[in-house]
Every structure is written in C-alpha cells, then in structure tokens.
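Enquirer: Below are the chains, spelled out letter by letter.
Number of protein chains: 2
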Amino acid sequence: MQLEFFGTGAGVPGKFRNVSSVALRLLDESNEVWLFDCGEGTQQQMLRSTLKPRKIDKIFITHLHGDHIFGLPGLLSSRSFQGGDEPLVIYGPKGIKDFVQISLRVSQTKLSYKIKFIELTEEGIIVDEPKFYVMAAKLQHKIECWGYRVIEKDHPGELMVDKLRADEIPAGPVYGKLKNGQVVTLPDGRTIDGKNYIGKAQMGRIVTILGDTRNTPNIKKLSQGADIVVHESTFGKGESKLARSYYHSTNIEAAKMAKTSSVSRLLLTHISARYTAKMARELQDQAQEIFANTKVVKDFDFIDVPFNKHEEA
Amino acid sequence: MQLEFFGTGAGVPGKFRNVSSVALRLLDESNEVWLFDCGEGTQQQMLRSTLKPRKIDKIFITHLHGDHIFGLPGLLSSRSFQGGDEPLVIYGPKGIKDFVQISLRVSQTKLSYKIKFIELTEEGIIVDEPKFYVMAAKLQHKIECWGYRVIEKDHPGELMVDKLRADEIPAGPVYGKLKNGQVVTLPDGRTIDGKNYIGKAQMGRIVTILGDTRNTPNIKKLSQGADIVVHESTFGKGESKLARSYYHSTNIEAAKMAKTSSVSRLLLTHISARYTAKMARELQDQAQEIFANTKVVKDFDFIDVPFNKHEEA
Ligand SMILES: [Zn+2]
Ligand SMILES: [Zn+2]
Numbered sequence: 000m001q002l003e004f005f006g007t008g009a010g011v012p013g014k015f016r017n018v019s020s021v022a023l024r025l026l027d028e029s030n031e032v033w034l035f036d037c038g039e040g041t042q043q044q045m046l047r048s049t050l051k052p053r054k055i056d057k058i059f060i061t062h063l064h065g066d067h068i069f070g071l072p073g074l075l076s077s078r079s080f081q082g083g084d085e086p087l088v089i090y091g092p093k094g095i096k097d098f099v100q101i102s103l104r105v106s107q108t109k110l111s112y113k114i115k116f117i118e119l120t121e122e123g124i125i126v127d128e129p130k131f132y133v134m135a136a137k138l139q140h141k142i143e144c145w146g147y148r149v150i151e152k153d154h155p156g157e158l159m160v161d162k163l164r165a166d167e168i169p170a171g172p173v174y175g176k177l178k179n180g181q182v183v184t185l186p187d188g189r190t191i192d193g194k195n196y197i198g199k200a201q202m203g204r205i206v207t208i209l210g211d212t213r214n215t216p217n218i219k220k221l222s223q224g225a226d227i228v229v230h231e232s233t234f235g236k237g238e239s240k241l242a243r244s245y246y247h248s249t250n251i252e253a254a255k256m257a258k259t260s261s262v263s264r265l266l267l268t269h270i271s272a273r274y275t276a277k278m279a280r281e282l283q284d285q286a287q288e289i290f291a292n293t294k295v296v297k298d299f300d301f302i303d304v305p306f307n308k309h310e311e312a
Numbered sequence: 000m001q002l003e004f005f006g007t008g009a010g011v012p013g014k015f016r017n018v019s020s021v022a023l024r025l026l027d028e029s030n031e032v033w034l035f036d037c038g039e040g041t042q043q044q045m046l047r048s049t050l051k052p053r054k055i056d057k058i059f060i061t062h063l064h065g066d067h068i069f070g071l072p073g074l075l076s077s078r079s080f081q082g083g084d085e086p087l088v089i090y091g092p093k094g095i096k097d098f099v100q101i102s103l104r105v106s107q108t109k110l111s112y113k114i115k116f117i118e119l120t121e122e123g124i125i126v127d128e129p130k131f132y133v134m135a136a137k138l139q140h141k142i143e144c145w146g147y148r149v150i151e152k153d154h155p156g157e158l159m160v161d162k163l164r165a166d167e168i169p170a171g172p173v174y175g176k177l178k179n180g181q182v183v184t185l186p187d188g189r190t191i192d193g194k195n196y197i198g199k200a201q202m203g204r205i206v207t208i209l210g211d212t213r214n215t216p217n218i219k220k221l222s223q224g225a226d227i228v229v230h231e232s233t234f235g236k237g238e239s240k241l242a243r244s245y246y247h248s249t250n251i252e253a254a255k256m257a258k259t260s261s262v263s264r265l266l267l268t269h270i271s272a273r274y275t276a277k278m279a280r281e282l283q284d285q286a287q288e289i290f291a292n293t294k295v296v297k298d299f300d301f302i303d304v305p306f307n308k309h310e311e312a
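Protein chains in written order, with numbering that gives the first Met the number 0: chain A, 0 to 312; chain B, 0 to 312.
Hint data in this document are derived by calculation from the structure and do not stem from the laboratory. Watch out, some of these pointers could steer you wrong.
Note that identical chains are pooled: a pair holds if it fits in a single copy or bridges any two copies.
[Said to hold, decoys possible] Capping the alpha-carbon separation at 27 angstroms, the derived lysine-lysine pairs in DSSO-like fashion look like this:
| # | residue 1 | residue 2 |
| --- | --- | --- |
| 1 | 137 | 297 |
| 2 | 178 | 199 |
| 3 | 54 | 178 |
| 4 | 113 | 54 |
| 5 | 14 | 297 |
| 6 | 14 | 178 |
| 7 | 141 | 113 |
| 8 | 96 | 109 |
| 9 | 294 | 14 |
| 10 | 109 | 93 |
| 11 | 115 | 199 |
| 12 | 277 | 51 |
| 13 | 109 | 137 |
| 14 | 220 | 178 |
| 15 | 236 | 141 |
| 16 | 109 | 240 |
| 17 | 297 | 51 |
| 18 | 51 | 14 |
| 19 | 255 | 113 |
| 20 | 141 | 240 |
| 21 | 178 | 219 |
| 22 | 141 | 96 |
| 23 | 255 | 297 |
| 24 | 176 | 14 |
| 25 | 109 | 14 |
Produce the entire structure from the sequences given, and follow the hints as far as they go.
Expert: Pasting the structure below:
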C-alpha cells in the first residue's frame with residue numbers, strides 16, 4: 000500500500016508541480032490501483048512512473064474544478080488505447096458523468112471497457128469489498144467537494160501451525176475450528192482453546208484523502224485515527240482568514256487537526272505556485288511545530304503506508 | 000513569424016512527444032500568437048517556452064479527436080488565471096463550442112475574457128485582417144477535419160526617399176502619389192514615374208498547417224506555393240495502404256505532395272510513439288530522397304519562416 004503523487008500543485012500547473020492527482024497503490028493487497036483526482040497532464044506524469052492507466056480500477060473525484068478533472072478524458076482514452084478492458088468505476092460529485100460522456104462523445108472516442116459512474120449523494124460507505132471499505136463525506140469548498148477515507152479491513156491472526164505440531168495436535172478439520180477461535184476436545188481427551196494458537200491480528204490501515212476544503216468538522220470525522228491523511232495546504236501560517244474566504248485551508252489548520260485526531264502521518268498537498276521550494280519547506284517546518292510527522296509532498300513522491308498498530312489476539 | 004511546436008506525437012502522449020499543438024508566432028508582424036490544436040498538456044509544455052497562454056489571440060482546431068482538443072479547457076482557464084482579458088477567437092469544426100462550454104460549466108470556471116466561436120461550415124477565407132488571410136478547407140479524416148493556410152498579405156515596396164532627394168524632387172503631397180506608383184508632373188516641368196522610386200515589394204509568406212488526413216486533393220490546394228507546410232506523417236514508407244485505411248498519411252505521400260506543389264519547406268509531425276528517435280530520423284531520410292527540404296519536427300522545435308521570394312517593383 001503506497002501513495003504515489005502525480006500532481007501536488009494548486010489551481011494551475013506550474014514548472015515544478017502539476018495539478019492534483021494521487022494514486023493509492025493496492026497491488027500487494029488486492030492487485031488494484033485507485034486514483035484520486037485527475038488534473039490535466041496526469042497521464043503525462045504517469046509516463047515517468049511504473050504505473051499505467053490500464054492498471055487503474057477506480058477513480059475518485061473530490062470535486063469538479065478543472066485542476067482536478069481536466070486530465071480525465073485523456074487518461075480514459077489512453078487506458079483504452081493501451082488495451083485496458085477491465086471495467087472502471089468513477090466516483091464523484093454529480094456532473095462528473097456528463098463531463099466524461101460529453102468529452103468522449105465530442106471526440107468520438109470509443110472505449111474498449113465499460114465505465115460505471117457513481118455520483119455521490121449521501122455520506123457514508125460507498126465501497127465495501129473483501130479487503131477495503133471507502134467512506135465518503137462532504138467537505139466545505141466553493142463547489143460540492145468530497146473527502147475519502149479508505150479503510151483496510153483487519154487481517155485476522157494466522158493459525159500457528161508450528162506450535163500445533165509441537166504440541167502434537169494432529170492436522171484435520173479441527174484446525175479450521177481452532178482458527179475460528181473455538182474450544183475443541185481432541186480424541187485423546189485434551190481440551191484445546193483455539194485462541195492460544197492464533198497469532199497477532201493485524202489491524203487494517205486507514206488512508207484519508209481530502210479534497211479542497213476549508214476547516215469543517217467532517218475533516219476530523221474522515222481523519223480520526225488514520226495512518227495517513229492527505230490534506231490540502233493552499234495557504235500558510237497567518238493566512239487562515241484568507242484561506243477561509245477562498246474555501247481553502249492553511250498548513251496550521253491541517254496540523255492542528257492531525258494532532259487532535261490521532262493521525263499518524265500528515266501529508267500536505269495542493270501547494271500554490273506562489274510558494275518557492277524554500278517556502279514550501281517553511282510550510283512544513285511551521286506545521287511540524289504543531290504535528291511533528293508532517294511532510295509537504297512533491298510530484299512523484301512515493302509514500303509507503305506501513306502497518307502501525309498490532310492488536311493482541 | 001515562427002512556428003513553435005508543443006506536441007508532435009500521434010494519438011496518445013509519449014515520453015518524448017506530447018500530443019498535437021503548434022503555435023504560429025506573429026509577434027513581429029501583428030503582435031499576435033495563434034495556436035493550432037491543443038492536445039492535453041499543451042499548457043504544461045508552454046511552461047518551457049517564453050509563450051504564455053495569455054498571449055494567444057486565436058486558436059484553430061483541426062478536428063475534435065481527443066489528442067487535438069483535450070488541453071483546451073485547461074489552457075483557457077490558465078489564460079484567465081494569468082489575467083488575460085483580451086477576447087479570444089476559436090475556429091474549428093461543429094462541436095468545439097459545446098465541448099468548451101460544457102467543460103467550463105461543469106468545472107464552474109468563470110473566464111476573465113470573452114470567447115468567440117467560429118464553427119466552420121464552408122471552405123474558403125475565414126480570416127481577413129490587415130496583415131493576414133486564413134483559408135480553410137476540409138481534409139479527409141475519420142471525422143470532420145480542417146486544414147489551414149495562413150497567407151501574409153504582400154508588403155508593398157518602400158518609397159526610396161534618398162533617391163528622390165538625390166534627384167532633387169521636393170517633399171510634399173507629391174511623395175504620396177509617387178508611392179502609389181502614379182506618374183506626376185513637377186512644377187519644374189519634369190515628368191516622374193513613381194515606379195522608379197519604389198523599392199522591391201516583399202511577397203507575404205504562406206504557412207499551411209494541416210490536420211490529420213489521408214491523401215486528398217485539398218492538401219495540394221492548401222499547400223500550393225507555401226513557404227512551410229506542416230503535414231502529418233503517422234505512417235512511413237511502404238505503409239500507404241495502412242495509412243489510407245486509418246485516414247492518415249505517410250512521409251512519402253507528404254514529400255511527393257510538397258515536390259509537386261512548389262512548397263519551400265516540409266515539416267512532418269504527428270509522429271507515432273512506435274517510432275524511436277532513430278526511426279523518426281529514417282522517416283526524414285526517406286522523405287528527403289523525394290523532397291530535400293523536409294524535417295521531422297520534435298517537441299519544442301522553433302522554426303523561423305523566412306521571406307523567400309522577392310518581386311521586382
Ligand atoms: Zn484545486
Ligand atoms: Zn491525431
């Protein structure tokens with residue numbers, strides 16, 4: 000599970016930061032790749048990665064501003080051109096379907112795969128699959144904007160086969176019962192508690208990817224206890240009034256939220272082109288004074304999402 | 000007058016060639032810049048140039064395939080973001096207006112300038128301004144596609160004031176008449192022919208920019224006598240059947256056309272990603288055997304359009 004950033008800039012592409020897009024790579028977990036937002040030039044950025052549009056299974060759009068969607072028609076076309084034939088699901092605000100369909104119709108693009116559009120109306124769980132949930136909630140931007148919380152389901156502990164063998168418990172259907180944590184009586188009369196033969200369960204990871212937003216309670220709701228939160232930082236310290244009036248956030252607001260929401264790591268993105276590399280570093284320094292594990296991401300940053308928490312079986 | 004290429008690839012962006020876009024810089028002539036096609040990522044390519052979207056006055060779209068238009072909504076937004084307030088005219092096939100307007104509406108983009116759309120229906124002169132004409136004609140592609148011939152109006156010869164003074168012809172309204180080529184009788188009785196006092200006229204230049212097309216008579220019509228023809232070369236030598244069936248051209252077809260149409264220089268573009276740099280060089284070599292002044296252009300090539308022809312006054 001890794002995040003790969005293709006665009007970390009705000010509003011318009013700059014020389015050093017392209018407009019918004021980040022991939023959540025779930026190749027080890029479910030052999031899938033999910034893309035969050037798709038500003039113009041995302042597919043060109045992807046040419047510098049091992050990722051191909053063909054590999055993307057789901058696209059989540061936070062909102063319909065151009066810097067978050069204008070790369071979508073081209074990426075969808077290239078996915079087809081590369082022979083992608085797996086169906087694709089696109090989640091996003093009402094209007095995303097029209098935009099994509101009209102772009103493809105005008106350009107007479109015939110795709111080699113089917114797209115299913117899920118236009119969001121209600122907050123809550125929008126994906127429930129064997130390994131992951133996704134929860135969506137509305138943020139506060141100038142136009143309708145959604146944040147996404149990706150929740151990996153917990154990995155149950157493994158059955159400790161070596162220990163079973165050492166204790167001379169013969170293999171058979173009894174192993175299945177023990178794995179379920181049942182208490183079992185063996186033919187030799189021993190009573191065995193499955194719980195003693197199950198390793199540590201691994202809690203699933205949580206990655207929260209927020210769209211453009213000003214400070215609003217749903218940010219906390221989506222971010223609570225997350226391993227990683229990707230948060231916009233269009234403005235810097237001392238600019239919270241400005242941020243509020245433009246429906247954006249500051250680095251400080253993001254850091255405070257991370258601190259009070261048991262977040263493990265905060266990634267700041269959507270960095271305005273008016274910030275030089277040095278100033279972006281300052282954004283990070285200021286935020287770190289409040290929440291140490293903060294990073295201002297750059298295009299092509301590749302961030303691993305480690306397992307942080309173990310629960311005793 | 001220069002051509003600046005932002006994208007010279009075919010269909011999908013590759014690592015070395017972005018999708019179609021070329022600017023005709025008319026800064027010395029009329030302080031304008033015209034853009035021909037606008038594939039995704041054109042504005043990002045432009046970040047490496049001295050050209051800003053703000054400076055573009057007219058955009059000519061050859062056809063509505065995605066690799067020629069998907070960069071338009073983003074470029075138009077950035078033009079506004081940069082404070083562009085001069086009106087913009089977009090020429091192209093029917094449908095271009097819908098695509099742009101819906102993209103801007105869905106993304107709630109409010110531009111700081113007005114766009115005038117000219118959707119082409121009839122072949123002929125579509126621009127007639129003090130310094131330039133533009134002629135448009137239909138090509139043969141899978142969808143409606145147009146080629147453009149930009150014709151600089153002739154520069155009349157300058158009045159040779161030094162020669163007039165040497166011949167002791169006194170300044171005054173008579174100079175205006177002589178400049179018009181009239182025959183004038185001076186107060187001292189001499190009869191003076193204006194034609195003897197006018198320098199060489201400079202014929203205007205002609206630049207032809209064709210869209211995707213298979214071989215069709217209108218190519219010759221648009222290219223006849225041009226100083227530069229920008230011609231697609233999606234296929235190579237020996238592939239003319241393939242090219243025809245995909246509604247594209249080969250380098251050889253382009254070179255033959257240039258040879259028999261009194262073209263001064265041929266620029267081949269729309270080069271498929273299946274051609275390596277070495278193979279692109281071969282495309283050029285093959286074409287040069289037929290028409291020597293051929294060049295396969297690359298992204299960021301900057302090509303001057305020199306005055307080639309002089310006419311005696
Ligand atoms: Zn944005
Ligand atoms: Zn094309």
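Enquirer: Indicate, hint by hint, whether the structure satisfies it.
Expert: We went through each hint and held it up to the structure:
no., hint, result
1, 137 x 297, "within (26 angstroms within a copy, 45 angstroms between copies)"
2, 178 x 199, "within (12 angstroms within a copy, 97 angstroms between copies)"
3, 54 x 178, "neither (35 angstroms within a copy, 69 angstroms between copies)"
4, 113 x 54, "within (14 angstroms within a copy, 40 angstroms between copies)"
5, 14 x 297, "both (12 angstroms within a copy, 20 angstroms between copies)"
6, 14 x 178, "neither (55 angstroms within a copy, 51 angstroms between copies)"
7, 141 x 113, "between (31 angstroms within a copy, 23 angstroms between copies)"
8, 96 x 109, "both (16 angstroms within a copy, 21 angstroms between copies)"
9, 294 x 14, "within (20 angstroms within a copy, 29 angstroms between copies)"
10, 109 x 93, "both (23 angstroms within a copy, 19 angstroms between copies)"
11, 115 x 199, "neither (38 angstroms within a copy, 66 angstroms between copies)"
12, 277 x 51, "between (32 angstroms within a copy, 25 angstroms between copies)"
13, 109 x 137, "between (33 angstroms within a copy, 23 angstroms between copies)"
14, 220 x 178, "neither (34 angstroms within a copy, 80 angstroms between copies)"
15, 236 x 141, "within (21 angstroms within a copy, 54 angstroms between copies)"
16, 109 x 240, "between (47 angstroms within a copy, 23 angstroms between copies)"
17, 297 x 51, "both (20 angstroms within a copy, 24 angstroms between copies)"
18, 51 x 14, "both (23 angstroms within a copy, 13 angstroms between copies)"
19, 255 x 113, "neither (42 angstroms within a copy, 43 angstroms between copies)"
20, 141 x 240, "within (15 angstroms within a copy, 53 angstroms between copies)"
21, 178 x 219, "neither (36 angstroms within a copy, 78 angstroms between copies)"
22, 141 x 96, "both (20 angstroms within a copy, 26 angstroms between copies)"
23, 255 x 297, "within (22 angstroms within a copy, 49 angstroms between copies)"
24, 176 x 14, "neither (60 angstroms within a copy, 55 angstroms between copies)"
25, 109 x 14, "between (33 angstroms within a copy, 24 angstroms between copies)"
The structure fails to meet hints 3, 6, 11, 14, 19, 21, 24 from the earlier list, while all remaining hints are met.
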